[in-house]
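Novice: Chain by chain, the residues:
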Amino acid sequence: MIWQFDIIILLFLVVTALISLRLKDLLGASIVFGIYSFLICLLWAEMGAVDVAFTEAAVGAGVSTVIMIATVYNTKRRSKD
Amino acid sequence: MTDQLPAIIVLMPLLGALLSVLLGMFDRKLCLPVALVALAITASSAVAMLANVLASPGQSLSYRFGGWDPLVGIEYRIDALSGLVVLAITAVGFLNAIYSKTRVRDESPRREHYFYALYLLLVAGLCGMVLTNDAFNLYVLLEICSLTSYALIAIGNRRAALASFNYVIIGTIGASFYLLGVGYLYIKTGALNMDGIHAALRANDIADSPTIKVGFILIMLGVWIKMALFPLHGWLSNAYSYAPTTTGTLMAPLMTKVMVYIMIRMMLSVFGTEFVFHEEFWSNGVVWIATVAIIAGSVLALARSDIKKMLTYLIVAEVGYMVGGAWLGNHSGMIGASYHILSDAAMTFCLFLAAGIIINRTGEARMNAFDGAFKKYPLTMIGFTVGALAMIGLPPSCGFFSKFYLISGGIEAGQWGFVVALLFSSLVNAVLFFRIFERAYFPKDLASGFEFGGDPDAKPDRSLDQVPYSMLVPMLIAAASLLVIGLANQTIVGWLNTALASFSLK
Amino acid sequence: MKLLGLVAVIITGSLLLYASGDFPAWGDANSPANSNQQVSVRYIQDSYAKTKTPNEVTAVLADYRGFDTMFETVVIFVAGIAIIAILSFLGEPNKPRGGDIEEHPETPDLIIVQTCKLVIPIIQLFALYVVAHGHYSPGGGFQGGVMFGASLILWALACGLPAALKRLSEPRALVLSAIGIIIYAGWGFLCMLLGGNFLEYAFTDPLLPEGVEKAHSHGMLIVEIGVAFTVTAIMFVIYANLSSRGRLKGGL
Amino acid sequence: MMLDHAMLANLIEDTVVPKINFWIYIILMMTGLYAMISKNNLIKKLIGMSIFQTAIILFYVSIGVKSGSGIPILGAETQREFHEVEHHNHEHDEHPEEFPDVYAYPTINPDDYANPLPHVLMLTAIVVGVSTLGLALAISQKIYHEYGSIEEDEILAQIKTRSDNDD
Numbered sequence: 000m001i002w003q004f005d006i007i008i009l010l011f012l013v014v015t016a017l018i019s020l021r022l023k024d025l026l027g028a029s030i031v032f033g034i035y036s037f038l039i040c041l042l043w044a045e046m047g048a049v050d051v052a053f054t055e056a057a058v059g060a061g062v063s064t065v066i067m068i069a070t071v072y073n074t075k076r077r078s079k080d
Numbered sequence: 000m001t002d003q004l005p006a007i008i009v010l011m012p013l014l015g016a017l018l019s020v021l022l023g024m025f026d027r028k029l030c031l032p033v034a035l036v037a038l039a040i041t042a043s044s045a046v047a048m049l050a051n052v053l054a055s056p057g058q059s060l061s062y063r064f065g066g067w068d069p070l071v072g073i074e075y076r077i078d079a080l081s082g083l084v085v086l087a088i089t090a091v092g093f094l095n096a097i098y099s100k101t102r103v104r105d106e107s108p109r110r111e112h113y114f115y116a117l118y119l120l121l122v123a124g125l126c127g128m129v130l131t132n133d134a135f136n137l138y139v140l141l142e143i144c145s146l147t148s149y150a151l152i153a154i155g156n157r158r159a160a161l162a163s164f165n166y167v168i169i170g171t172i173g174a175s176f177y178l179l180g181v182g183y184l185y186i187k188t189g190a191l192n193m194d195g196i197h198a199a200l201r202a203n204d205i206a207d208s209p210t211i212k213v214g215f216i217l218i219m220l221g222v223w224i225k226m227a228l229f230p231l232h233g234w235l236s237n238a239y240s241y242a243p244t245t246t247g248t249l250m251a252p253l254m255t256k257v258m259v260y261i262m263i264r265m266m267l268s269v270f271g272t273e274f275v276f277h278e279e280f281w282s283n284g285v286v287w288i289a290t291v292a293i294i295a296g297s298v299l300a301l302a303r304s305d306i307k308k309m310l311t312y313l314i315v316a317e318v319g320y321m322v323g324g325a326w327l328g329n330h331s332g333m334i335g336a337s338y339h340i341l342s343d344a345a346m347t348f349c350l351f352l353a354a355g356i357i358i359n360r361t362g363e364a365r366m367n368a369f370d371g372a373f374k375k376y377p378l379t380m381i382g383f384t385v386g387a388l389a390m391i392g393l394p395p396s397c398g399f400f401s402k403f404y405l406i407s408g409g410i411e412a413g414q415w416g417f418v419v420a421l422l423f424s425s426l427v428n429a430v431l432f433f434r435i436f437e438r439a440y441f442p443k444d445l446a447s448g449f450e451f452g453g454d455p456d457a458k459p460d461r462s463l464d465q466v467p468y469s470m471l472v473p474m475l476i477a478a479a480s481l482l483v484i485g486l487a488n489q490t491i492v493g494w495l496n497t498a499l500a501s502f503s504l505k
Numbered sequence: 000m001k002l003l004g005l006v007a008v009i010i011t012g013s014l015l016l017y018a019s020g021d022f023p024a025w026g027d028a029n030s031p032a033n034s035n036q037q038v039s040v041r042y043i044q045d046s047y048a049k050t051k052t053p054n055e056v057t058a059v060l061a062d063y064r065g066f067d068t069m070f071e072t073v074v075i076f077v078a079g080i081a082i083i084a085i086l087s088f089l090g091e092p093n094k095p096r097g098g099d100i101e102e103h104p105e106t107p108d109l110i111i112v113q114t115c116k117l118v119i120p121i122i123q124l125f126a127l128y129v130v131a132h133g134h135y136s137p138g139g140g141f142q143g144g145v146m147f148g149a150s151l152i153l154w155a156l157a158c159g160l161p162a163a164l165k166r167l168s169e170p171r172a173l174v175l176s177a178i179g180i181i182i183y184a185g186w187g188f189l190c191m192l193l194g195g196n197f198l199e200y201a202f203t204d205p206l207l208p209e210g211v212e213k214a215h216s217h218g219m220l221i222v223e224i225g226v227a228f229t230v231t232a233i234m235f236v237i238y239a240n241l242s243s244r245g246r247l248k249g250g251l
Numbered sequence: 000m001m002l003d004h005a006m007l008a009n010l011i012e013d014t015v016v017p018k019i020n021f022w023i024y025i026i027l028m029m030t031g032l033y034a035m036i037s038k039n040n041l042i043k044k045l046i047g048m049s050i051f052q053t054a055i056i057l058f059y060v061s062i063g064v065k066s067g068s069g070i071p072i073l074g075a076e077t078q079r080e081f082h083e084v085e086h087h088n089h090e091h092d093e094h095p096e097e098f099p100d101v102y103a104y105p106t107i108n109p110d111d112y113a114n115p116l117p118h119v120l121m122l123t124a125i126v127v128g129v130s131t132l133g134l135a136l137a138i139s140q141k142i143y144h145e146y147g148s149i150e151e152d153e154i155l156a157q158i159k160t161r162s163d164n165d166d
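Residue numbers (numbering that gives the first Met the number 0), protein chains in the order written: chain A, 0 to 80; chain B, 0 to 505; chain C, 0 to 251; chain D, 0 to 166.
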């Protein structure tokens, strides 16, 4: 519950969210979204919510990044905006 | 066993869905019987539960899951209104399952068992949402209903996929607003059980703190998005008209009505009438939004040439009726709104069934499907006419009585705009449906309609409308139910009175 | 569309900021939510006495609010069924799905296959540990199930989807997921048969040797196992269908 | 008077820290909402949707945080205390004359453990988020199969041209 650690992760969160939305290459956006999920999992662990951190790491970061990359693989990789 | 009924009502469709997936892999024809048996048991236990509730002293039963005290565990509370709505859901689900026998086989081949699994889980989610007394459990069941309806729409034809995608995006915004609203209540009260929140709100009088107000606004926004109230209705017409027929006939009568029920439940049993109608300015504002919704829904329906699109815009107008009725703030307005939930579900169900038959038989989605329809499909047209007259609001049908209560509520509350909008939309419905009757009963080129001197060897087909019984019988039952609900409105309103008496409405 | 987005953001943003002024401070122990005697304090104080599970989150998840968790498993089941229903028979309705014709049959890379052969058993063992040890340490049905599913996905990534499908074909995965929910709902139904309400584990006391509280703990373990079955199967089915666009061939 | 580090630290501590979690959640939620509505690419909309849902989870979990509290799992020594009390009560039930008094369970100080309820709710919300994401990705693949593009403006253009020649 160290608040300095907490503030740094929160700022990183906002930065990765914005990057993931601005990247034109969808594969890159999915990977940055994976980073976003792992940062949020770090935040939960730091806030004492260990079960939520475990689930977010396994379900949120692990599976959703994989299925997003699978979809990008099956559709287009470049996005117009 | 009879006090276990609430659990059975939610578990039977779940069990049916699992069996439908398991048996479907071996033989796809087994899925419909499994679905019908599951829905029959659910419907009969809904009737038994309603009888239980009406016989019970306080007209309200409570069921504790896991035997825990309601504040700590999850509790189901059933009163006359939720019993009636669950009965309506299970009845529509059962009749629609019969209706879907031929439609599912033609429209989604080789996927029937997935279709019926999603169908049963949608019915289970809807029944659970109506019965639950726990705010977060309602969110989980809302997500089940949303996910199954996204999938049931996306199974449809080419354009259904994009319509379903838009529905996913807007539906997630709605459900997340509801979740955030519950979070705002939890951060201030620390309880999740609806009665617990109500008691905490009244106990330490935090009712006028900004968090609770914003939480109320968020919950209302989320529920309004899911019920397609006028400014937020963009997703409704594409989603329901491009979906497979049986998805449309299941979701049109139920999804929006259940969300209206949840809005009423949240207004009355969680926030309480003195909180909701505290400032006259806000409740009048919502009645004005509902008035605009009624007028816009009717006018947009008038402009549509596609039958299903027209019916979906009528739904937007009907949602305006119910939201306006509930926010009038007086007893007869609330009675009108809750009675309209039942009558509108029956009306929409009958109209969508009849339109589905005609669109399927003629293969034409526009108005000219009705040309000479009475000659070719007399029974279907009778059913459609009964539904249309109920929508317009002719006395014997239930539409008249709900409009009667809504208008008397509007007059009592002095909301003249709302009353005028109700009459205007009845007028527009009349114009809409008589335009169709004219095509159906008196086609322009009489020859094609009545086939005078048609080819002699065309033996008159004595079978009823050449429409399979599995589609015709549910539609006729739905049409009959309109009259039954209408004629039995005294008893139904009596039950609603006792259910709503405990909330101090003016 | 951009204007609509901006308008929506400004309205909701100002609404939320207006309310955020009134929130209790972050991390203070006697905020209304944390100090509510009947709810969260009661969870902390007598969850161990009543259910014999030190991990309060698992106790609240599987026992106090077990009905919520059952519907959470149903949400995953719905996602799996829906993805199959949407993506299967996309475009070529008559060709059978699956089958062995490999579009780009490059042989799996030796190094990857060998490391996978070493790593995957350990992942699966740890996943089972996470499921079983959910009472005493962070973890439980969902986390363990996802990890087990992830090990299958890893095998599919390494040696191609058809190889993984030979281990867990789609029909078998669906049966496994349905069995998971049947275990969950069935154990709750068993409590009903023995006289309690749905999911009231105390009534399964005669079946299990130790006391009533231990019956809660055993009931939770069985329920977590059901959840693990469903989550494992559905995670793999979701990956299999999304990566091969419903044709169960090729894949990533 | 140069603000030295200690002064700056506790200045931040009592002004910013209690509120920053709730500000950041609003910022994240608004970026997600904006992306969902106004992004043109379907996959970008889904990334916005996921950010929108994780922001709500951030709000819920930061409700249950107690400063200076551990994770909501009882330590080994509290379990041992419970076992001793139970063992004693069990002995008392068998032969009450030897063990006259019945021990009560040791009371746990709630401030030592984080509030478990938001954590349970958020396990459900994460799972629901992933299920919605998976379903929406499947729908976008079907859209790509039908229309050959995942850009909303191209799809709408195709629908318009197709519906023109349908009539």
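No lab work stands behind these hints, which were simulated from the structure alone. A few of these clues could be false.
To be verified - Pairs of lysine-lysine, DSBU-like flavour, derived with a Cα cap of 35 Å:
1. D:Lys159 x C:Lys116
2. B:Lys28 x B:Lys212
3. D:Lys18 x B:Lys212
4. C:Lys213 x A:Lys75
5. C:Lys49 x C:Lys116
6. D:Lys18 x C:Lys116
7. A:Lys79 x A:Lys23
8. B:Lys375 x D:Lys18
9. D:Lys18 x A:Lys75
10. D:Lys159 x A:Lys79
11. B:Lys28 x C:Lys116
12. D:Lys18 x B:Lys100
13. B:Lys374 x B:Lys443
14. B:Lys100 x B:Lys212
15. B:Lys100 x B:Lys28
16. C:Lys165 x C:Lys49
Novice: All the hints need checking, so say for each whether the structure fits it.
Specialist: Each hint tested on the structure:
This hinted pair does not check out: D:Lys159 and C:Lys116 have alpha carbons roughly 52 Å apart, beyond 35 Å. About 52 Å separates the Cα atoms of B:Lys28 and B:Lys212, which puts this hinted pair outside 35 Å; it is violated. Using a Cα cut-off of 35 Å, the hinted pair D:Lys18 and B:Lys212 holds, with the two alpha carbons roughly 20 Å apart. A hinted pair counts as satisfied when its Cα atoms are at most 35 Å apart, and C:Lys213 with A:Lys75 does not qualify at roughly 54 Å.
Between C:Lys49 and C:Lys116, the direct Cα distance comes to roughly 43 Å. Violation of the 35 Å bound is thereby established for this hinted pair. Annotation: proposed proximity of D:Lys18 to C:Lys116 is violated, straight-line Cα distance about 49 Å (limit 35 Å). For a cut-off of 35 Å, the pair hint linking A:Lys79 to A:Lys23 stands: about 7 Å separates their Cα positions. Annotation: proposed proximity of B:Lys375 to D:Lys18 is violated, straight-line Cα distance about 69 Å (limit 35 Å).
With a C-alpha separation of about 41 Å, the suggested pairing of D:Lys18 with A:Lys75 is violated against the 35 Å cut-off. For the given pair, D:Lys159 sits about 20 Å from A:Lys79 by alpha-carbon distance, which is consistent with the 35 Å threshold. At most 35 Å may separate the alpha-carbon atoms for a hinted pair to count; B:Lys28 and C:Lys116 exceed this at roughly 42 Å. Between D:Lys18 and B:Lys100 the alpha-carbon distance is near 57 Å, which puts this suggested pair outside the 35 Å criterion.
Between B:Lys374 and B:Lys443, the direct Cα distance comes to roughly 13 Å. Compliance with the 35 Å bound is thereby established for this hinted pair. Only pairs whose Cα atoms come within 35 Å are accepted, and B:Lys100 paired with B:Lys212 is rejected, the gap being roughly 48 Å. In summary, the hint linking B:Lys100 to B:Lys28 is supported, as the alpha carbons are separated by about 10 Å, within the 35 Å threshold. For a cut-off of 35 Å, the pair hint linking C:Lys165 to C:Lys49 is broken: about 45 Å separates their Cα positions.
Comparing the model with each numbered hint stated earlier shows that hints 1, 2, 4, 5, 6, 8, 9, 11, 12, 14, 16 do not hold.
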